[in-house]
Amino acid sequence: MIIIFLLIPLSIVVAAGFLLAFIWAVRSGQYDDTCTPAMRMLIEEKNSAGEISKTKIK
Amino acid sequence: MTQPIATAQRVAPATQEKLTCFHCGTLCRDDSYRREEKVFCCHGCQTVFELLTENGLTQFYQLSSTAGVRVNASAQTDRFKFLDEPLVRERLVDFSNATLTRVTFLIPSIHCIACVWLLENLFRLQPGIGQSQVNFPRKEVAIAFETQRVKLSEVVTLLASLGYEPELKLSSLDAKPRSQLARRLWIQIGFAGFAFSNIMLFSISDYFGLDSFAGGNFRKVTGVISLLLALPVVTFSAQDYWRAAWTSLKQKLLNIDVPIAAGVAAIFIQSCYEVFTGRGNGYFDSLCGLIFFLLCGKLFQQKTYDRLAFDRDYKSFFPLSVTRLCSSRREKALTKKTENNLSLLTLAATKKIEEQVSLSQITIGDRLVIRNGELIPADARLLDGPALIDYSFVTGESEPVEKKWDDYLYAGGRQMGGAIVIEMVKAVSQSYLTSLWNQDAFQKEHKRALNRLTNTYSQRFTKIVIVIAFGAAAYWAWANPAISLKAFTSVLIVACPCALALAAPFALGTAQRVLARSGVFLKNPYILETLAEVDAVVFDKTGTLTEAGAGNVVWRGDTLTETEERWLYSMTRHSTHPLAVRIGEAIQREHFPETVRSFLETAGCGMEASVAGNEIWMGSASWLQSRLVHVTEKPTNAGSVVHVASNGKYRGCFVLANALRTNAENVIGTLSRDCSVALLSGDNERERETFTKIFGGKAQLHFNQSPLSKLNFIRALQQTNKTVMMVGDGLNDAGALKQADVGVAVVENVSAFSPASDVILAAGMVSRLDEVCAFARSSVRIVRTAFVISALYNLVGVGIAANGRLAPVVCAILMPLSSVSVVGFACLAAKWAGRKLNAPPVSNGKKRSGPAKIR
Chain A
1 MIIIFLLIPL SIVVAAGFLL AFIWAVRSGQ YDDTCTPAMR MLIEEKNSAG EISKTKIK
Chain B
1 MTQPIATAQR VAPATQEKLT CFHCGTLCRD DSYRREEKVF CCHGCQTVFE LLTENGLTQF
61 YQLSSTAGVR VNASAQTDRF KFLDEPLVRE RLVDFSNATL TRVTFLIPSI HCIACVWLLE
121 NLFRLQPGIG QSQVNFPRKE VAIAFETQRV KLSEVVTLLA SLGYEPELKL SSLDAKPRSQ
181 LARRLWIQIG FAGFAFSNIM LFSISDYFGL DSFAGGNFRK VTGVISLLLA LPVVTFSAQD
241 YWRAAWTSLK QKLLNIDVPI AAGVAAIFIQ SCYEVFTGRG NGYFDSLCGL IFFLLCGKLF
301 QQKTYDRLAF DRDYKSFFPL SVTRLCSSRR EKALTKKTEN NLSLLTLAAT KKIEEQVSLS
361 QITIGDRLVI RNGELIPADA RLLDGPALID YSFVTGESEP VEKKWDDYLY AGGRQMGGAI
421 VIEMVKAVSQ SYLTSLWNQD AFQKEHKRAL NRLTNTYSQR FTKIVIVIAF GAAAYWAWAN
481 PAISLKAFTS VLIVACPCAL ALAAPFALGT AQRVLARSGV FLKNPYILET LAEVDAVVFD
541 KTGTLTEAGA GNVVWRGDTL TETEERWLYS MTRHSTHPLA VRIGEAIQRE HFPETVRSFL
601 ETAGCGMEAS VAGNEIWMGS ASWLQSRLVH VTEKPTNAGS VVHVASNGKY RGCFVLANAL
661 RTNAENVIGT LSRDCSVALL SGDNERERET FTKIFGGKAQ LHFNQSPLSK LNFIRALQQT
721 NKTVMMVGDG LNDAGALKQA DVGVAVVENV SAFSPASDVI LAAGMVSRLD EVCAFARSSV
781 RIVRTAFVIS ALYNLVGVGI AANGRLAPVV CAILMPLSSV SVVGFACLAA KWAGRKLNAP
841 PVSNGKKRSG PAKIR
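Going down the list, the sequences are from chains A and B. If you use this note's numbering, the first sequence corresponds to residues 1 to 58, in order. If you use this note's numbering, the second sequence corresponds to residues 1 to 855, in order.
So here's chain A without its partners, still in its complex pose (with noise of 0.2 angstroms):
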C-alpha cells in the first residue's frame, strides 16, 4: 500500500492543473461573459470567397 503516498502527490498535482487552468479562464476573461460566446457558436461562419461572388451586384 506503499503506492498510495506516491498516488496521492500525483493526484494532488493533476487536480491542482485543473485548479491553475479554471484561474487562467477567470483571469482571461472567459467568466465575464457568459452569455454572448453562447450565441456566437450559433453562426455558421460561412468563408467569404464563394459567398462574394453570389451576392455581388453585377
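Quick caveat, the hints were computed from the structure, so don't treat them as lab data. Because the structure is a prediction, the values reported are computed rather than measured. Just so you know, not all the hints are guaranteed correct.
[To be verified] A short, non-exhaustive set of chain A residues, derived as facing chain B with CB atoms under 8 angstroms:
1) Phe22
2) Asp33
3) Cys35
4) Thr36
5) Met39
6) Arg40
Even glycine gets a Cβ: it sits at the ideal position worked out from N, Cα and C.
Please arrange chain B on chain A, whose structure you already have, making use of the hints.
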C-alpha cells in the same frame, strides 16, 4: 419649410399594402428606394444593404428576421469630429499606443444574433479595424483598430452608418467599472471548491475508520495535506468574511458575518490542534464546504442586470458633444449689425461655421445649435429659431412650451421641430437641472442597511450561541474537564450559521430573477425587504399613471370622410410636433399618403398645407380664429385640442386625452387598502377631478410640483414614520426617487434612460404593482420560514455538540445537508410564490367610457 414627398409612380394601393423595408422592417412610404427587387424605407437603410452586399456580408439578413436597425441620421462625417480631440479621445479609449487602440462602446441598438455577427465582422468593412468583440448582455462592443490608419471618429461614423450609433454621453468619459471583483469571486470559489472536494476524498478513509490500513502514517499525511489545502481557503477565499466581521465588531454590531467568522476560526483552530497532536484529522472538509457554499450564495446574489444602470446622474442624460457656432465673439459683432434681417441659422448654414465640440469644452457665452430632439445642455437664452421646448422629462408637464427670442431656457428641455440657436448663460454643472443633484438626498447614502432580515435575526442567534457555548464549557469543566474545550469549540463549529446566511440570498435572489422575468428589475435583492414594508405609495402622473404619447385620440365634429382622413394623415407626417405625431398614428390606416404641397408649420400655432387642392389648417383655436374661422367646438378639459379647418371652413377638432394606463384604477384601489397613496404631478390641475375619483377623497393630490417640492413631500412623509415608495419616470422625479425608501423608475423601454432608482419597472408592469408588492411580502415570509428550518438543524447539531461528541463525519453530513435543504426550500418556495407573476396578465375586459375612440 416645404417638403415635397418623393415623386414615386403611384401603384394601386392593393399591391402597395405591405411594403416593408428589407433592412429594418418598417413600413415604407413608397418604393422610391429600390435595389434588386428589394424596397427600403430610406436612403440610410439602402446604403447599409449595399455596403453589406459589396462586402459579402448578406448572411446578416439570414441570421435573424429582425436583423436590421433603422439608420436614423445620415452619417455626416463631421458629426463625430470632436472624438479625435486628444482630451476626449484619451478619456474614451481603453488603451492606445502608436500602433493599436482599443475602445469599448455602449450600443443600445444591439438586439439579436445578427448584430453580434455584424459587429464582430467590422474588420471586413473597413481596413485597419482589427478584432471586435460584443458583450451581448451589456450591449457593448470592444473594438481594436490601428491607430495610424483609422481615426476614432471614423470607427464611430462607420458604426453610426450601420445603425449602431454608440451612446456617447457625458458619463461615458468617466472610468468604467471593470469586472475585477466578479473575477476575484470566481477564483475564490475555485480555490474553495478545489480544497473541499480533495479534502473530502482524503477524509473518506477517516469517515469509515479505515485509517489503519497503511499504518498510522496515512492519517498523519492526509491530515497535513488537508491542512495545507485548507490554508488558502481560510486566508484567501474567506478573506471578505474576516474583513466584514472585523468592521462590524469595530462598530459594535453583531451581524451575520460575526458568527460565520467565529465558526470558521473555531473549526480551523480545533482542526489544526487535532492534526498537530495526532488526535484526528479535524473538520477541514466541513470548513472548506462551508466557505464554498457561502461563496456560491454570494455569486448567486451578485447577479446584476448589466444593461441597466441604477445609479445615473445628469451626466447620463447629456450628450457628449454639441454643435457650436465657431468664433462666437466675431459672430456677435456681426450679428449686431444683422440682428433681424439675417438669421443665425442661415449664417451657420452658409458660412459653415458649425463645429462639433465636446460638452466639457463649452463655456458661458458660447452659441449652440440645438436640432430637433436634442437636449438643451445648460441654462441658456434663445437667440434664433422657433423654439418649442418639451420639458416633460424635467417637470412632468406633458405639453411642449413655445419660447420666444431672448427667453430663458432651462437645461434638460428637448427641442421639438426645427433647429434653434441658443447662448449659454450658465455652465453645465451649475444649471437648474443639475442643481437637483446637489440636494442632500444625493449627497449621502441614507438608505436602510442591506440584509436587515438576516442581521436582526443573527444578533439574537449569536447571543444564544455564545451563551450555549460557555454554558457547555462550564458544565463539562465541572463534570469532565478533558472534553470541556472540545464541547466549546464543537458548539461554535456546528452553530456556524451557513444555512442561515444562505437563506436570504437565495430566497430573495430567486425572487429577483422571478421579477426580472416579468419586467421588474431590482438594484439588489435586499430591496425586497424594504418593498415588503412599504406603507405609503406616491405616484407621478405623466408617464407613470398616464401613458406618454399613447392616449386615445377622439374626433369631435362632423364625421370625417375617409378621403379627408387621408389628407390629414398625409399632413401630420410632415410634422414632428408630438401632437401631430399622435394624431397621425391614430388615423393611420391603410392610407397611402397624398402629396402635400406648400407645407408650413408655425410653432405654437399650427400647420397649414395644400392637399389635393384643398387648403387645410390644423392648430390651436386662437390661431384659426385669427384666420377668421368660426370655431364651434367648445373648449374642453379632457386633454389637448387640435382644431381643423378645410378651405377656411371649420371641420371639428381632435381631443388628445392623456390616457390612464390600463388597470391603473384597480392597482391604486388595491394598494390604498394597506397603504396611503398620493399623487405628485408637475402638470397643471386640468385633470384633478379625474384623479380624485381614482385616488379617493382622502388621498393627497398635488399638482404643479417642482422636482424639489416632490423631494420635500417624500421627506415629510418619511418623518411621519412611513416607509415610502415613489413611482415616477422623468428627471423631475429624480430627487423624490432618491429620497424615497424604494424608488421605482418606470420605463417604456428597459434599456432606455431612467433616473437613479432602486427598481426599474417596465411600463407594462405598472398595472400589476400591487402584485409586485404582495410578492415582496411573501418572499420575506419565505426567508423567515427558512430561518426556522436552519434553526432546527442548529438545534440538533448543538444538542450533539454540547455533549462533546461531535464526530467529523456528523459535521460533514449535517453542514451540507442543512445548507442544501435551506437553499432548496428558499428557491422552490420563491419560484412557487412567483408563479402567478410570471403568468401572462389576465386582461380585464373593462373599457374606458367616453366617446368612441378613433383607433
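Right, here's what the structure says about each hint:
1. The interface hint given for A/Phe22 is met, as the beta carbon of that residue sits about 5 angstroms from the closest beta carbon of chain B, less than 8 angstroms.
2. The beta carbon of A/Asp33 comes within 5 angstroms of a beta carbon in chain B, closer than 8 angstroms, and the hint placing it at the interface holds.
3. Taking 8 angstroms as the C-beta cut-off, the interface hint given for A/Cys35 holds, the closest approach to chain B being about 5 angstroms.
4. Evaluation of the A/Thr36 hint against chain B yields a held restraint, the C-beta minimum of about 4 angstroms falling below 8 angstroms.
5. The restraint placing A/Met39 at the interface with chain B holds, with a minimum CB-CB distance near 5 angstroms, inside the 8 angstroms limit.
6. The beta carbon of A/Arg40 comes within 6 angstroms of a beta carbon in chain B, closer than 8 angstroms, and the hint placing it at the interface holds.
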